[in-house]
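Student: Reconstruct the complex from the two isolated chains, following the hints.
One line per chain: the protein sequences are C and F, in this order.
Going by this note's numbering, the first sequence opens with residue 1, and the numbers climb by one from there.
Going by this note's numbering, the second sequence opens with residue 1, and the numbers climb by one from there.
Mixed in with the good hints, there may be bad ones.
[Claimed, not checked] Across the chosen pairs, the derived CB separations fall in these ranges: (1) 357(F) - 159(C): 44 to 54 Å; (2) 358(F) - 222(C): 46 to 56 Å; (3) 363(F) - 229(C): 38 to 48 Å; (4) 61(C) - 358(F): 44 to 54 Å; (5) 328(F) - 170(C): 53 to 63 Å; (6) 358(F) - 132(C): 27 to 37 Å.
Think of the hints as simulated: they come from the structure by calculation, not from any bench.
Quick caveat: nothing in here was measured; it's all calculated off a predicted structure.
Where is the CB? At the ideal position from N, CA and C, for every residue including glycine.
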Amino acid sequence: MTARKRAKKTAKTTKRSAKKGATKTSSAAATKRSKTAAKRAVAGTEVVGYKAAWRVANNAKQSDDARTTALISLGSAACDDSDVFAGLIVLLRDTATSLAVRLGVLAALQAASFSTIRFAACRPTYMTALRAVAKDPAFEMRQRALGLLMREGDGRAQTMLIEGLENPAKALLPPEKALQLLAYDVKSEAYPLARRIVERPPNADAKREALRLLAADAKSTKLFERILRDKSETGDVRQISAAALQSLAPEALQTYARDMVLDHAESPELQTMSLTLLTQFGDADALTKDARLGERVAALHSSADSHAVKQGAEQFIGKYTRGSDADRA
Amino acid sequence: MSVELRINNSSDPRARYVSWAPTPCTIRVSSPVGIPGPSPVTVVLQNRANGTGGQVVFRTTLTSAPAATLTLQLPLDGASVSFFVAGRFGQPSVTDQDAIIEVRRGATVLGTATCMVRIRKNANALTTGERDRFIAALATLNNQGAGRFVDFRNMHTNAGSPEAHGAAGFLPWHRAYLLDLERELQAIDASVALPYWRFDQPAPNVFSRGFMGVPDNLGTVQFTPGNPLQFWRTDGVPGINRRPFFNTATAGASVISEAATLALGTNYARFRNMEGSPHGSAHTSFGGFLSSIPTAARDPLFFLLHCNVDRLWGKWQRQNARFDAAQPTSYDSNLPTGNRIGHNLPDTMWPWNGVTGGQRPPTAPGGTLAASLSATAPGPQPRVRDMLDYQGIVSNLARLGFGYDDVPFA
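So here's chain F without its partners, still in its complex pose (with noise of 0.2 Å):
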């Protein structure tokens, strides 16, 4: 007898990525040969041992509790039942992969499928393989200069820091921003998640010359000689400028504390003042390309300053329960007056709307959002409220397929 276990319900292996929210899955008996009939099957799906790779976590629907293994009873006939996977929370993968799923008859193991719980970590914490697959990722999205990457760098200008920028849709704006370059980067090595830098804590190992660099006395960025990012390449010009105003090696950014930032206030209007302090004072903590909107997506460390901003976010909504759109805690609607078009619930959001000219940039760089198989959300053109729900709390359906490290699912 075999089985067939799809992930995601999808059989591309592109499929097998989880974070902690539930993923639908599906088994079926794939071949009854060997199996008396007509009775159902019964299996049991468990994680293999694996030593520090990920775990994941069952569950028969949404709403049961998740369990370290799970019984299903398979009809002979091929017919598919469906469950739940997630990574189970503190024990994400290191490597591609290393999330073994075994199904078994007894003693027998019927089959197995492989997936990684692939969520976005520490930047401080990463191992040295985590690391080096980021970084390598990154340099190719770059392409010294003339990759993909250019797209994102347009995304972060003067033109179009207005959709982005001080009104409400900041931080669902930056998410699908950020969301956006990750996908790309898993096109390139589906194993990568981005990492975040932790701005209020010491993150020696981030700036060093293996990782985001070291800068000389003129706050040219130094990396060792094995380090794809000495070629990175923006706006035509070779390096990158960071100029720290405190020791990297010993001390966080001039921000105020983590626990500061949540409790900025229950609601979203008052919590979304985070984006001049910590967000801003993170920025300028630097001189150099961070310190300055126009340029600040030249540097690299911006997207591992944002995936921190973004996590805080998480962390918040978590803290408050405030996924649902429909809450008006969760979101600042501004109402009666709204808001700016591009930070309004229903809005789609630049560039990936495509929409230029009126009130919105002359341009709009980079196309549709990228697709992912590890989730549908939140589509190619998304809106402020499609941000919201990431983990799928609210609704399965609108998970986006990330997860941070601190961040468990409910």
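Just chain C, with the same shape it has in the complex (with noise of 0.2 Å):
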């Protein structure tokens, strides 16, 4: 044989054995190929077809991690294809299924639904599924699903939440977060309540909570303006007081900000905030011509120890002293 001939066998040999070798190993090699390249989409450089992405998705053999990257990059698949949809649904309420994959279905569903023409069909299916989801064994997911149904203004979400506060044995969500979730369709049925908690809250979180729904009752005004002269209160709600009282009772509010930087026992927190406030949202005619708030303004920004109060101080002084360009530079 020729040394020619036996290169040519050589390399035939070792091209049966490759193939050989490569049937053995194809299926782990497929599903590590797949986590690759679920992986990769997310990471940078190509993204994997939605078939693919779903069999990883689907598959509880694969790691939460790779079920979680591959229902990233599904997109609209997640409600243009039904047999995908169909089965996140099944994930989605199925709570044998890891939290971390459930969570990664909510969002991936959550994501298609900004497409809202073409998820329109898709919709009562998962707002069905997010009712049943909303009294979860798993808080995260409770919480979750109850925020995306009230986001939707949903009313049986806003009952479940009201009857959680009113009867902690029912509660589905700690009181902060259901009074949080209350407000994203306030109605004033709820401004009874809140108000009680504000008198005898749970804890620190559900009283800040309950001031910030009460925010547009113009039945709890005295009780902002008393929260905001209070320095026993936090600076939190007292802020949140300063922030509703801009709409219930702006003057007034305009007052307490230029007391707070004229007193010399505030705190630099709300001094800055009250800086912040009448720069920003202040009586320009007014403010301009107030001399001792001027005066006192000027002393702060030249010796206030805190480097915020002398911040807010400047630009004051910025709007209300040198004109209009000065804050362009």
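Tutor: This is how it looks when you write it as structure tokens:
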């Protein structure tokens, strides 16, 4: 045999062996390929076809990481393909599936819902599934589902949340979270409940969220004025009170903000907030002529201990003393 | 001798804003004193060196190559000479009017004109001044719930959603929406351009208390006491609910990459699937306002998110030369059936067309699209087709007056 023929024979043999080896490891390689491809879709270089992504996402033998990564690249296929959509709804409601995957399914469905026209046919089934998982054993699933439902103005979700506030044994979420979600669709029926929570808050977060919900309630104006002026209240509830008063009693708020700047015993946080409020939303004519306030702000600018107060003072001076060009620097 | 230079063919200082697209200008001799006639006088236009500020390039015609300087012959009778100015790619302005054009005759400076190379930038890379001007303008537009922002909030609800989502017009509609908001911000502070949140990359500066805020354990966003967004209010309720499902300090949102997005397809019919991913995925990388259509626009981050969506479209357009509405690959006309009303190239877009009832939503908040002295397009009632040629590549008159820091003109 010539050397040339021997080389050709060796090459053929090598090729046959490679093919045999490839067959044995093909299924492991396919799994690895689909995982890698799904990861690459998020990491950088290519978008995996949605069918391949769905095969990974729907495969309980795949890792949670691989499945959630695959779900991200489904895009509009989550609703365009009826089999994929049906499968996603099954996964969403299946409490035996890992929470991480179910939350990934929820995100994929919600992402697809942004394509309103394409999602229209899927929406009723999706909303039904959301109402079902609003009572899910997993807190995070309940929280997300109820949030999505409340943002869609779902009356049943609202009823569930109010029931939970009135009867803690029926609560699906902690009171502060329920109040936060109720604020998506504020109804005057919720105001008395929120006022009771402000008076007897189960915790600080619940008080804060109850105040936020009351921000459009004209009957709560005095409450907000009291809280804003009470230095024993925390900064965040005093700030919410200021924000509420801007629409409930804007002229009174400017007076309060002015008083807080002039008050040497006021906290730097509230002084900065007041300076920002006056700079951004204040009555320019009145503030430009307010010599006493101007002197105080100048003093704060030069000698306040707080850097934030100094910055707030500088912005105030820039607007009401040097004119509008100064803040372009 | 003195000269008069008009940018955007206007003597109004509010017209002195350019992007990467060539902007028509004129120059003329306003006073020929000291110059012996009758021959035209030769002048040179050039940038004044200004450190980190904006720089421009000049063209004699739309088809001539851009240059750092331009030599012109000016008649002494005061007749105007036309030319074009554009921002030099890679050197946008940092502050208002920091780009200075000098007109020289020999060593003598006959006159100067300032302008701003006003460009949409990566929100994570803004200077403190750029950031603060933007959020101040945004807070003013919101005016604690009582300002013009309420119209923008009301344009993006379930009622209006079919006009903007789920069909071919998704990208043009949102481009018009952002442009309208940006022009309203510029009416407050002309130096402001909408920044984009590059959602496939970490953006720790965006998710800071001094900018878009940091959520507490409930998802209520917290700001520094000096940040005017602390007074943000929508639907009668103060505050912003935003709960990221990713580490905003170290990671991007759970989306496909920019490279993967740009590779979705070379024709618009394929590319527009980016509505689901990465656009939809960016929204649902959060709990709170952003994660649902009816509440998404309550969060100011929405506009930075969509600015990035628009930037991706602009980048894809340039990559594939898809600016011409007459090219079938530039848009998905869904022939022969056509698209839903509002999504076809000749259709005017709600709400700016003021049309209500029938197939359109019951109300049309906000009125016509805001005008600008920097660009005449797209007009008060834009059509879908008006949003494609945003840099005026097919027709200079079609330019919309904005550009992105990483998407050149041509």
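Student: Run the structure past the numbered hints and jot down the numbers of the failing ones, going up.
Tutor: Those not satisfied come down to hint 1.
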